[in-house]
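Visitor: First residue of the sequence shown? That's 1 in this note's numbering, and the numbers climb one at a time after it.
Think of the hints as simulated: they come from the structure by calculation, not from any bench. Please read all numbers here as calculations on a predicted model, not as lab measurements. Note that beta-carbon positions come from the ideal geometry of N, C-alpha and C, so glycine has one too. Treat the hints loosely; a few may be bogus.
Said to hold, decoys possible - For each label pair, taking beta carbons as the anchor points, the in silico distance ranges come out as:
#, residue 1, residue 2, range
1, P101, K202, 54 to 62 Å
2, S56, E85, 26 to 34 Å
3, A136, N50, 21 to 29 Å
4, N96, W116, 14 to 22 Å
5, K202, N72, 48 to 56 Å
6, P57, K202, 40 to 48 Å
7, N72, I154, 20 to 28 Å
8, S34, L60, 14 to 22 Å
9, D13, Y156, 28 to 36 Å
10, R45, I154, 47 to 55 Å
11, D129, N50, 35 to 43 Å
12, D167, E73, 29 to 37 Å
13, K113, S144, 16 to 24 Å
14, N155, K76, 17 to 25 Å
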Amino acid sequence: MAKAWLIRPFPHDTDRLSNFKSDNIIAIGWPEVSSLVGKDKNEIREILRNHPKKYSPSQLGAALATVNIFVNEISKKDFIVVPYEDDIYFAKVTSNYFFEPTKITDGYPHQRKIEWLKGPISRDQLPNDLRNSLRAPRTAADLSHYTNIIESVINYDSSELLQTTPDYMDVSYPLRTDLNCTIKIPKDITKEEAERLGEFVKTLYFN
Numbered sequence: 001m002a003k004a005w006l007i008r009p010f011p012h013d014t015d016r017l018s019n020f021k022s023d024n025i026i027a028i029g030w031p032e033v034s035s036l037v038g039k040d041k042n043e044i045r046e047i048l049r050n051h052p053k054k055y056s057p058s059q060l061g062a063a064l065a066t067v068n069i070f071v072n073e074i075s076k077k078d079f080i081v082v083p084y085e086d087d088i089y090f091a092k093v094t095s096n097y098f099f100e101p102t103k104i105t106d107g108y109p110h111q112r113k114i115e116w117l118k119g120p121i122s123r124d125q126l127p128n129d130l131r132n133s134l135r136a137p138r139t140a141a142d143l144s145h146y147t148n149i150i151e152s153v154i155n156y157d158s159s160e161l162l163q164t165t166p167d168y169m170d171v172s173y174p175l176r177t178d179l180n181c182t183i184k185i186p187k188d189i190t191k192e193e194a195e196r197l198g199e200f201v202k203t204l205y206f207n
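Construct all of the structure, not just a fragment, from the sequences and the given hints.
Guide: Structure below.
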């Protein structure tokens with residue numbers, strides 16, 4: 001069964017979405033690391049231990065997770081989700097991992113070929129579960145839990161995606177004994193959003 005993965009288009013901290021689109025690729029950075037074809041996770045860990053950046057243990061763990069996903073865990077026919085600002089692009093993997101030496105100087109020699117399937121689609125048009133999963137800050141992340149949703153988004157016509165207007169509810173609060181206040185909030189409001197709303201309400205008074 002196909003899996004799904006998030007890949008951000010900023011290998012070596014450089015915006016490469018235009019290159020991803022024109023060359024039908026996805027890529028990660030680490031231009032200081034030569035070809036990883038045939039390297040397993042343990043071998044990649046030892047290679048990264050000797051990286052010029054001298055990773056701390058936590059940095060090494062994050063780098064290893066990203067590189068190993070890209071080299072060993074992604075497979076042909078898997079889905080790729082590429083977030084870019086407020087837009088999302090979808091693709092399918094068409095090749096094994098390969099090393100492109102002509103892109104060492106450009107900072108993205110570790111590559112895979114893909115077929116673009118859909119996009120750009122606004123984040124606001126995505127189902128909430130999938131949209132929230134794209135908040136992961138890592139360069140690469142496993143989205144396989146949402147594979148069915150991703151396939152549905154790819155196969156649906158744009159007009160069939162979720163409406164951008166959220167579902168609201170009215171909340172009443174007894175501000176005084178003879179006065180109730182009502183505010184309209186989205187039904188899927190998060191704890192963080194509720195806390196921000198509370199902080200905003202604190203500012204609504206007049207001297």
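Visitor: Taking each numbered hint in turn, which are not upheld by the structure, reported in ascending numerical order?
Guide: Going through the list in order, the structure violates hint 10 alone and respects the others.
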